[in-house]
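Trainee: Here is what each chain is made of, one letter per residue.
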Amino acid sequence: MPVQALRTSVAAAALIGLPIAAQAAGMPQFDVKAFPSQIFWLVVCFAVLYFLMAKLVLPRIGKTIESREHKIQADLDAAQKANDAARATGAEQDKALAEARGQASGLIREASEAAAAQSSAKLHEVGERLAGDIAAAERRIGEQRTQTLAGLASMSTDIATAVLGKLGGSSDPAQVARAVDEAAKAGKP
Amino acid sequence: MASPLEQFAIQPVSAPLFSIGGHSIAVTNSALFMMAAVVVSSGLLLAGAGKGSMIPGRIQAMAELFYEFIANMIRDNVGGGGKKFFPFIFSLFIFTLFGNILGMIPYGFTFTSHIAVTFFMAMVVFLGVTLIGLFKHGLHFFSLFFPHGAPLFTAPILIPIELVSYLSRPISLSVRLFANMTVGHVLLKVLAGFVVALGFFGVVPLVVLVAITALELLVAVLQAYIFTILCCIYLNDALHLH
Chain A
1 MPVQALRTSV
11 AAAALIGLPI
21 AAQAAGMPQF
31 DVKAFPSQIF
41 WLVVCFAVLY
51 FLMAKLVLPR
61 IGKTIESREH
71 KIQADLDAAQ
81 KANDAARATG
91 AEQDKALAEA
101 RGQASGLIRE
111 ASEAAAAQSS
121 AKLHEVGERL
131 AGDIAAAERR
141 IGEQRTQTLA
151 GLASMSTDIA
161 TAVLGKLGGS
171 SDPAQVARAV
181 DEAAKAGKP
Chain B
1 MASPLEQFAI
11 QPVSAPLFSI
21 GGHSIAVTNS
31 ALFMMAAVVV
41 SSGLLLAGAG
51 KGSMIPGRIQ
61 AMAELFYEFI
71 ANMIRDNVGG
81 GGKKFFPFIF
91 SLFIFTLFGN
101 ILGMIPYGFT
111 FTSHIAVTFF
121 MAMVVFLGVT
131 LIGLFKHGLH
141 FFSLFFPHGA
151 PLFTAPILIP
161 IELVSYLSRP
171 ISLSVRLFAN
181 MTVGHVLLKV
191 LAGFVVALGF
201 FGVVPLVVLV
211 AITALELLVA
221 VLQAYIFTIL
231 CCIYLNDALH
241 LH
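Protein chains in written order, with our numbering: chain A, 1 to 189; chain B, 1 to 242.
Isolated chain A, as found in the complex (with noise of 0.2 Å):
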């Protein structure tokens, strides 16, 4: 810096010269009577400064200083317990949700259960009726077929002993009766 370097130079000459110029001219700096005056002002108004300081400006600033702080401590964990308070309430919040989302899963897994149940004791239900019926019937056709059965050995009989009696052959009923039987005994496989 070019103004550094001129004030660093004529300083130094300023330096070397002063003490000549101090003699020739009389710096005022060094003139011993004005010592006292000078040194009694000082003291006056340090103390003064002094006095000042000490008990009016530095105490009302360092106490403005420290209260700001304290405010500004109060602020942040003022603000910290509100976070954390947010925090809790988001937790709880979370932890109810999840709650309700298990209750309601659980109920639908009753009630899908609960119709599977109902559903399948209808079908049982229809099925037995089913079978029954089926039995049933069962039951009907062959006590029907039992009778035709019997029907037909009896009619077997009385054809053949109306064929036999055309025929003008014996027609001994009995006899007739055990050929039929045997007959259709034969043709069963």
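It should be emphasised that the hints constitute simulated quantities derived from the structure, not laboratory data. The beta carbon of each residue, even a glycine, is placed where N, CA and C say it ideally should be. Be a bit skeptical, because a hint or two may be false.
[As the list claims (entries may be wrong)] Calculated Cβ distances over 10 Å to all of chain A for the following chain B residues:
1) Gly21
2) Gly81
3) Ile115
4) His140
5) Phe146
6) Gly149
7) Ile157
8) Glu162
9) Leu198
[Claimed, not checked] Derived lysine-lysine pairs resembling BS3-like cross-links, with alpha carbons at most 25 Å apart:
10) Lys71(A) / Lys83(B)
11) Lys84(B) / Lys63(A)
12) Lys55(A) / Lys189(B)
Since chain A is already given, all that's left is putting chain B on it; use the hints.
Mentor: What follows is chain B alone, placed relative to chain A:
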């Protein structure tokens, strides 16, 4: 052309008020500027300290800036035990700073450009610090003059060196401030003389003068800072012995 040293002349502005030990004391230009420094700085700082609102205004922010600046300086350079000297160090800084800055007012007077003032301040600090060290550490205080851990046979060399460097502290402290302020003002005066002497071409030294004025403002703040921080360092030495 008036001598550039004329501005440093101490002139009474009142009749002698009284006399102490044969020296008559009158209000002088130097005394007026000391009073001005006290009034202006106290006025600003009292205004700044006055309301003490949570959100500081401009003046309060400035006052708090000064407070924090010196508080940090003491915390960093003196550490433990430095807090009780805070008002003194603070006053020292404010007094020097406002003395330097008010001296920058044209036709003003810079009381810090007088060796009597700076040397007295330096001597008070030096003697005070030495007494504090002696009271706190007793004879152990003299271990300050022998660096801890140095071989014993170096003592005949080291102790005189340390002693001389310790005793020259008030001289270097006071001469640094006095010489800086004196030289700055001599320089300004000489340049101002050129501005008048060169007529139209005086514009050139005028530009330089403006730049030097800015530089001198910086020097005014810087020298107040240096004076104060050196006092802190000396205090630290006395309190903690290196």
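Trainee: May I ask you to check that Gly149(B) keeps its beta-carbon over 10 Å from the closest beta-carbon of chain A?
Mentor: Consistent with the label, Gly149(B) stays out of reach of chain A, its closest Cβ about 38 Å off (over 10 Å).
Trainee: Would the least Cβ to Cβ distance between Ile115(B) and chain A come out above 10 Å?
Mentor: Given that some Cβ of chain A is not farther than 10 Å from that of Ile115(B), nearest at about 5 Å, it is violated.
Trainee: Is the Cβ of Gly21(B) farther than 10 Å from every Cβ of chain A?
Mentor: 7 Å, violated
Trainee: Checking a non-interface call: every C-beta of chain A should be farther than 10 Å from the C-beta of Glu162(B). Is that right?
Mentor: It holds; Glu162(B) is separated from chain A by about 27 Å at its closest Cβ, greater than 10 Å.
Trainee: Would the hint linking Lys84(B) and Lys63(A) be met if the CA-CA limit is 25 Å?
Mentor: 16 Å, holds
Trainee: Run the distance test for Lys71(A) versus Lys83(B): straight-line Cα separation, threshold 25 Å.
Mentor: Holds, because 23 Å separates the two Cα atoms, which is no more than 25 Å.
Trainee: With 10 Å as the threshold, tell me whether His140(B) passes as away from chain A on beta-carbon distances.
Mentor: 30 Å, holds
Trainee: Beyond 10 Å from every Cβ of chain A: is that where the Cβ of Phe146(B) lies?
Mentor: 34 Å, holds
Trainee: Is Lys55(A) close enough to Lys189(B), meaning Cα to Cα at most 25 Å?
Mentor: 40 Å, violated
Trainee: Compute the least Cβ-Cβ separation between Gly81(B) and chain A, then decide whether it is above 10 Å.
Mentor: Fine: 17 Å to the nearest Cβ keeps Gly81(B) off the interface.
Trainee: Measuring Cβ to Cβ, find out whether Leu198(B) lies farther than 10 Å from everything in chain A.
Mentor: 17 Å, holds
Trainee: Verify that the Cβ of Ile157(B) lies farther than 10 Å from every Cβ atom of chain A, and report whether the claim holds or is violated.
Mentor: The claim holds: Ile157(B) sits with its nearest Cβ about 30 Å from chain A, beyond 10 Å.
Of the numbered hints listed earlier, those contradicted by the structure are 1, 3 and 12.
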